[in-house]
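What follows is each chain in one-letter form.
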Amino acid sequence: MFKVKKELQKRSIVLAFEDLSYKVGNEKILDTVSHELYKGCFYSIAGCNGSGKTTLLQSLLQIKKPSSGKIFLPEEIENKAHYFSYVPQNTLLEFDFTVEEVVMMGRYPYYSGITGPSKEDKQKVKEALQLTDIENLRHRSVITLSGGERQRTIIARALAQDTPIMFLDEPVSQLDVYHQIEVLKLLREIADTQNKTVVTVLHDLNQVSEFTDHVMVMDEGKIVANGTPTEVLSPALLKEVFRVNAEWVCSEDMKPHLIFHYQSKKKTDRRLDNRLLDH
Amino acid sequence: MITSAKYKWIVALTLVVLVLLSFIALTLGPSNVSLSQLWMSFFNPNEADAGIGQIVLQIRMPRIAMALLAGMALSASGGAFQSVFRNPMSDPYVLGISSGASVGAAIAIVLGLQAGMFSIPFFAFLGSASALAIVYWFAFNLKQSEQNTLLLAGIAMSLMLGAVVSLLLVINREQMESIYFWMLGGFNAISWKQIYIVCPVVLFSLVMLFRYCKDLNLLAMGNETAHSLGINVKQKVAIILLISALSVSIVVSYSGVIGFVGLIVPHMVRFLIGADNRRLLPLSALWGGVFLIIADTLARTLVQPGELPVGSITALFGAPYFFFILIKKSRRHV
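Here the protein sequences line up with chains A and B, keeping their order.
To convert, note that position 225 of the first sequence is 225 in this note's numbering; the numbers rise steadily by one, no gaps.
To convert, note that position 164 of the second sequence is 164 in this note's numbering; the numbers rise steadily by one, no gaps.
Source of the hints: derived by calculation from the structure; they are not laboratory data.
Wrong hints could be hidden among the right ones.
[As the list claims (entries may be wrong)] Within a straight-line C-alpha distance of at most 16 Å, the following computed EDC-like cross-link-like pairs (lysine to aspartate or glutamate) qualify:
no.: 1; chain 1: A; residue 1: Lys39; chain 2: A; residue 2: Asp96
no.: 2; chain 1: B; residue 1: Lys329; chain 2: A; residue 2: Asp96
no.: 3; chain 1: A; residue 1: Lys64; chain 2: A; residue 2: Asp96
no.: 4; chain 1: B; residue 1: Lys328; chain 2: A; residue 2: Glu252
no.: 5; chain 1: A; residue 1: Lys255; chain 2: A; residue 2: Asp213
no.: 6; chain 1: A; residue 1: Lys65; chain 2: A; residue 2: Asp31
[What the hints assert, rightly or not] In silico negatives: residues of chain A with every beta carbon more than 10 Å from chain B:
no.: 7; residue: Phe2
no.: 8; residue: Pro109
no.: 9; residue: Thr230
no.: 10; residue: Lys255
Note that the structure is a prediction, hence the values are computed from the model and not measured.
Even glycine gets a Cβ: it sits at the ideal position worked out from N, Cα and C.
Take these sequences, add in the hints, and give me the full structure.
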């Protein structure tokens with residue numbers, strides 16, 4: 001499980017992992033990855049489908065037991081749920097729980113069934129509902145919500161859990177553009193003001209560069225590059241890992257943006273090209 | 001969601017309904033007993049008609065007690081299955097757990113173990129636990145989205161186990177009657193002696209299940225979520241399923257396979273008070289009792305002087321309800 005390494009605390013590292021591997025049969029889903037996560041930093045993990053992003057998060061959470069490697073924490077923890085919160089890629093909402101009930105589940109690790117939730121528990125739930133902008137949906141059944149509202153409910157549950165580290169697996173992929181930006185702004189704010197470490201899997205590389213401090217690029221189970229987004233996401237790497245042509249441009253507000261050039265031409269164009277060549 | 005004051009009112013009302021219903025059920029049957037005769041046989045047994053006293057106290061009362069216990073056990077474990085398998089359509093009958101118990105019981109009869117008091121429940125428990133183990137394997141080796149595969153696995157399991165019981169029937173014609181009984185389900189052979197065994201087991205499993213309600217809420221959100229909220233998923237699921245198997249198998253041992261109770265009751269109660277298992281399971285248990293007492297009274301009184309199997313009455317309600325949920329579910333996912 002987790003090993004305690006006191007010296008991490010001085011360097012304000014909240015979690016470190018070394019040579020973490022996860023194998024299914026002979027296939028290495030995660031291949032000896034190592035990294036350190038600092039307090040108050042907003043991390044993103046980028047990479048193609050099947051590159052091991054979800055497996056990395058789940059191995060760190062011990063949902064999947066790593067085949068080898070070590071995970072270090074700066075302090076002894078009694079309950080894993082007090083240290084990590086997790087927003088999975090898909091949460092199944094099959095039952096008529098209300099939004100408030102689902103968010104309150106984030107406080108389950110803090111109170112026993114006999115005493116019921118304390119004032120603090122209720123306060124945290126209220127804050128989480130406000131932060132994710134779903135307070136007005138409090139008494140609605142989660143089954144009746146739209147995809148985006150559901151996702152915000154699940155994020156609110158993780159917020160209510162109030163942990164030093166938050167893992168979110170593609171938290172914005174089901175949201176419309178407005179709510180994508182709202183959620184990412186919120187996560188940025190949480191990292192900045194509450195000094196929490198946020199780790200998200202993100203597919204939109206412009207969002208990676210706009211919102212996160214640090215990106216880990218994964219390919220075939222390895223972390224192939226990591227650092228600040230503008231430093232890491234070079235056109236060469238994007239070509240190599242993501243198989244896309246892209247370049248950085250400066251927008252009017254002097255912020256760097258990635259622009260993608262689409263390789264494949266439309267079928268009709270290609271046919272036209274061929275015909276021209278024939279002549 | 002309803003307030004806790006409202007919930008307490010609903011529970012109180014249910015208890016009143018349960019008591020009234022039990023009294024009404026005591027008066028109904030092949031020989032009608034009036035309310036005054038009922039009163040006499042309870043509180044003034046010396047002056048009461050001895051025959052009526054016998055019918056009420058020795059025949060109808062244990063039957064009603066058994067219907068209550070069976071309803072409680074089946075509904076509570078149905079509710080628990082639904083959360084563990086994250087599928088609102090699971091119940092001990094649909095998943096083949098009850099059939100597993102009936103095969104176990106039938107094997108015990110074929111082996112001639114009827115004499116021992118505990119051999120039939122023990123074999124029933126082994127049967128239901130093995131059926132549960134197989135269904136569990138299916139449930140947790142499939143992707144979360146493929147929920148219907150679980151139901152199909154359960155139905156395949158029921159069909160297979162039903163075939164096993166039929167085979168046992170054909171091979172052991174002399175015991176046909178006692179095995180056949182397990183396939184239909186009913187409370188006609190219940191006396192106080194059986195209640196003394198069933199009651200402690202059912203109450204024990206209910207109390208144990210209620211202790212896991214918070215965990216059931218998290219399990220209903222998916223294993224990854226439950227895990228990240230500090231639940232040891234495998235351990236908790238194993239404990240909850242074993243407790244449910246225990247209560248289902250003890251009920252099946254003495255009253256046969258009674259289907260759909262664990263499906264209908266938690267589903268309706270959830271509709272009424274929401275999905276929080278801390279409220280759902282206790283109230284489902286009570287309404288399960290109400291439901292089976294009604295079903296048993298109908299079974300005893302609809303075709304007189306004969307009797308219908310309770311299992312066929314619940315299936316008559318349950319199967320259409322199953323269709324109803326299917327339609328509702330498919331509409332939601334469009």
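Results of checking the hints against the structure:
{"no.": "1", "hint": "Lys39(A) with Asp96(A)", "verdict": "violated, 37 Å"}
{"no.": "2", "hint": "Lys329(B) with Asp96(A)", "verdict": "holds, 13 Å"}
{"no.": "3", "hint": "Lys64(A) with Asp96(A)", "verdict": "violated, 29 Å"}
{"no.": "4", "hint": "Lys328(B) with Glu252(A)", "verdict": "violated, 52 Å"}
{"no.": "5", "hint": "Lys255(A) with Asp213(A)", "verdict": "holds, 15 Å"}
{"no.": "6", "hint": "Lys65(A) with Asp31(A)", "verdict": "holds, 14 Å"}
{"no.": "7", "hint": "Phe2", "verdict": "holds, 14 Å"}
{"no.": "8", "hint": "Pro109", "verdict": "violated, 5 Å"}
{"no.": "9", "hint": "Thr230", "verdict": "holds, 32 Å"}
{"no.": "10", "hint": "Lys255", "verdict": "holds, 34 Å"}
Violated hints for the displayed structure, listed by number in ascending order: 1, 3, 4, 8.
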